[in-house]
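Residues 1 to 277, numbered by my numbering, are exactly what the sequence shown covers, in order.
Accuracy of the hints is not assured; some may be wrong.
Lysine-lysine pairs mimicking DSS-like chemistry, simulated, CA-CA at most 30 Å apart [what the hints assert, rightly or not]:
(1) LYS91 to LYS225
(2) LYS225 to LYS98
(3) LYS114 to LYS98
(4) LYS71 to LYS141
(5) LYS98 to LYS122
(6) LYS91 to LYS71
(7) LYS50 to LYS19
(8) LYS225 to LYS161
(9) LYS115 to LYS71
(10) LYS110 to LYS34
(11) LYS50 to LYS225
(12) LYS12 to LYS50
(13) LYS91 to LYS50
(14) LYS34 to LYS50
(15) LYS102 to LYS25
(16) LYS102 to LYS34
(17) LYS195 to LYS225
(18) LYS151 to LYS161
(19) LYS25 to LYS50
(20) LYS102 to LYS23
(21) LYS161 to LYS195
(22) LYS161 to LYS91
(23) LYS19 to LYS114
(24) LYS34 to LYS91
(25) LYS122 to LYS71
(26) LYS164 to LYS195
(27) LYS164 to LYS91
(28) LYS91 to LYS122
(29) LYS225 to LYS141
(30) LYS161 to LYS50
(31) LYS114 to LYS151
Computed spacing ranges between beta-carbons, pair by pair [claimed, not checked]:
(32) SER158 to LYS91: 25 to 33 Å
(33) ASP49 to GLU215: 24 to 32 Å
(34) ALA232 to GLN28: 26 to 34 Å
(35) LYS98 to LYS225: 17 to 25 Å
These aren't lab readings, by the way, just hints derived from the structure by calculation.
Given the structure is predicted, the values throughout are model-derived calculations rather than measurements.
Ideal Cβ placement from N, Cα and C applies to all residues, glycine included.
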Amino acid sequence: MDLFTGLESSFKDEILTSKGTLKSKYTQDFVLNKSPFLNTEYLAFNIEDKTSPVYDVNFRKAIHHSIDRVKMIQYLRNGIGIPADGGFCPKGLPSYHKAWEKPYDVSLAKEYLKKSNIIQDKPLLLTTTSNYLDLCILVQKNCAEIGVDIKIDVVPSSLLKQQKSAGDLAFFRSSWIADYPDGENYMACFYGANKAPNGPNYTRYVDADFDARYEQLLSETIPAKRMALFAALQHKLEIAQPYVLLFYDESIWIRSKKVTTVRVNALNHLDLRYATK
Numbered sequence: 001m002d003l004f005t006g007l008e009s010s011f012k013d014e015i016l017t018s019k020g021t022l023k024s025k026y027t028q029d030f031v032l033n034k035s036p037f038l039n040t041e042y043l044a045f046n047i048e049d050k051t052s053p054v055y056d057v058n059f060r061k062a063i064h065h066s067i068d069r070v071k072m073i074q075y076l077r078n079g080i081g082i083p084a085d086g087g088f089c090p091k092g093l094p095s096y097h098k099a100w101e102k103p104y105d106v107s108l109a110k111e112y113l114k115k116s117n118i119i120q121d122k123p124l125l126l127t128t129t130s131n132y133l134d135l136c137i138l139v140q141k142n143c144a145e146i147g148v149d150i151k152i153d154v155v156p157s158s159l160l161k162q163q164k165s166a167g168d169l170a171f172f173r174s175s176w177i178a179d180y181p182d183g184e185n186y187m188a189c190f191y192g193a194n195k196a197p198n199g200p201n202y203t204r205y206v207d208a209d210f211d212a213r214y215e216q217l218l219s220e221t222i223p224a225k226r227m228a229l230f231a232a233l234q235h236k237l238e239i240a241q242p243y244v245l246l247f248y249d250e251s252i253w254i255r256s257k258k259v260t261t262v263r264v265n266a267l268n269h270l271d272l273r274y275a276t277k
């Protein structure tokens, strides 16, 4: 093997230590390269679903603040990834902004749950694919600790894609990989005109002021003004809480020591033009 990429729960413990380094039995022949990857992993709420408790913003915030992302990365991702502590734009982009409220705060989560006045008569269904089942089990456990009951539904990726686009799911696993390295690409996921199935706004978040600021962002070229717009947009999202941010991804590439000058950018695109063996 000359080059390998990707991390799956089925084999990660065979290759990586709990701290995200290559296991000693592989270090003689291979090198591990880890770098930021412009991918935000999250759980999405369908905030238009009036039949679900996720319609209530305080209930959504309770779930968001109950998740221990540090343990998620440490124990389930073998140290690969950055616990989400900011907005939807990941670390590595100038548009990244640290969250106004502490992401993991059990006391705050319980306060929001109390404000919601919601008493569940049945579990909240969280839909995911098998590759992310372990992450969702941790979410389920963390939510149970504050009194939120969650049931996990594992479906094929094709069905998940179809159902979230149609608006059939109240709570589901999702991610957004940038098409290009600009925060505008991430804010497009919450632009009203992009509401699914017309675009990637799977949370169905719609806010006229957000849309106006986003449209202003598209034509703004002055960096300071763009940063102010990003801060305002992400603050609005934090108030509305249409998602549960999990982590900002990192890419891993394992290459043979016989191979040199392999380059990977923040979009996880491989450049082999200068590679030698």
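For this session: Verify the proposed pairing of LYS225 with LYS141, using a straight-line Cα cut of 30 Å.
Result: violated, 41 Å
Exercise. Per the hint of 24 to 32 Å, is the separation of the Cβ atoms of ASP49 and GLU215 within bounds?
Worked result: Roughly 27 Å apart at Cβ, these two residues keep to the hinted range, so it holds.
For this session: For the range 26 to 34 Å, tell me whether the beta carbons of ALA232 and GLN28 fit it or not.
Result: violated, 52 Å
Problem set entry | LYS91 and SER158 - C-beta distance against the hinted 25 to 33 Å | holds, 31 Å
For this session: Would you mind confirming whether the straight-line C-alpha gap from LYS91 to LYS50 stays at or under 30 Å?
Result: Violated - the C-alpha atoms of LYS50 and LYS91 are around 33 Å apart, more than 30 Å.
Exercise. Between LYS19 and LYS114, does the CA-CA distance stay at or below 30 Å?
Worked result: violated, 37 Å
Exercise. Is the Cα-Cα distance between LYS164 and LYS195 30 Å or less?
Worked result: holds, 11 Å
Exercise. If you draw a straight line from the CA of LYS195 to the CA of LYS225, is it 30 Å or shorter?
Worked result: holds, 26 Å
Problem set entry | Hint consistency between LYS34 and LYS50 [alpha-carbon to alpha-carbon, up to 30 Å] | This hinted pair is violated, its Cα atoms lying about 42 Å apart.
For this session: Take the C-alpha atoms of LYS91 and LYS225, compute the straight-line distance between them, and say whether it is at most 30 Å.
Result: The hint holds at about 19 Å.
For this session: Assess, step by step, whether the Cα of LYS161 is no farther than 30 Å from the Cα of LYS50, and give holds or violated.
Result: holds, 21 Å
Exercise. Taking 30 Å as the top limit, are the C-alpha atoms of LYS164 and LYS91 close enough?
Worked result: holds, 26 Å
Hints 5, 7, 8, 10, 11, 12, 13, 14, 15, 19, 20, 23, 28, 29, 34, counting from the list given before, are not met by this structure.
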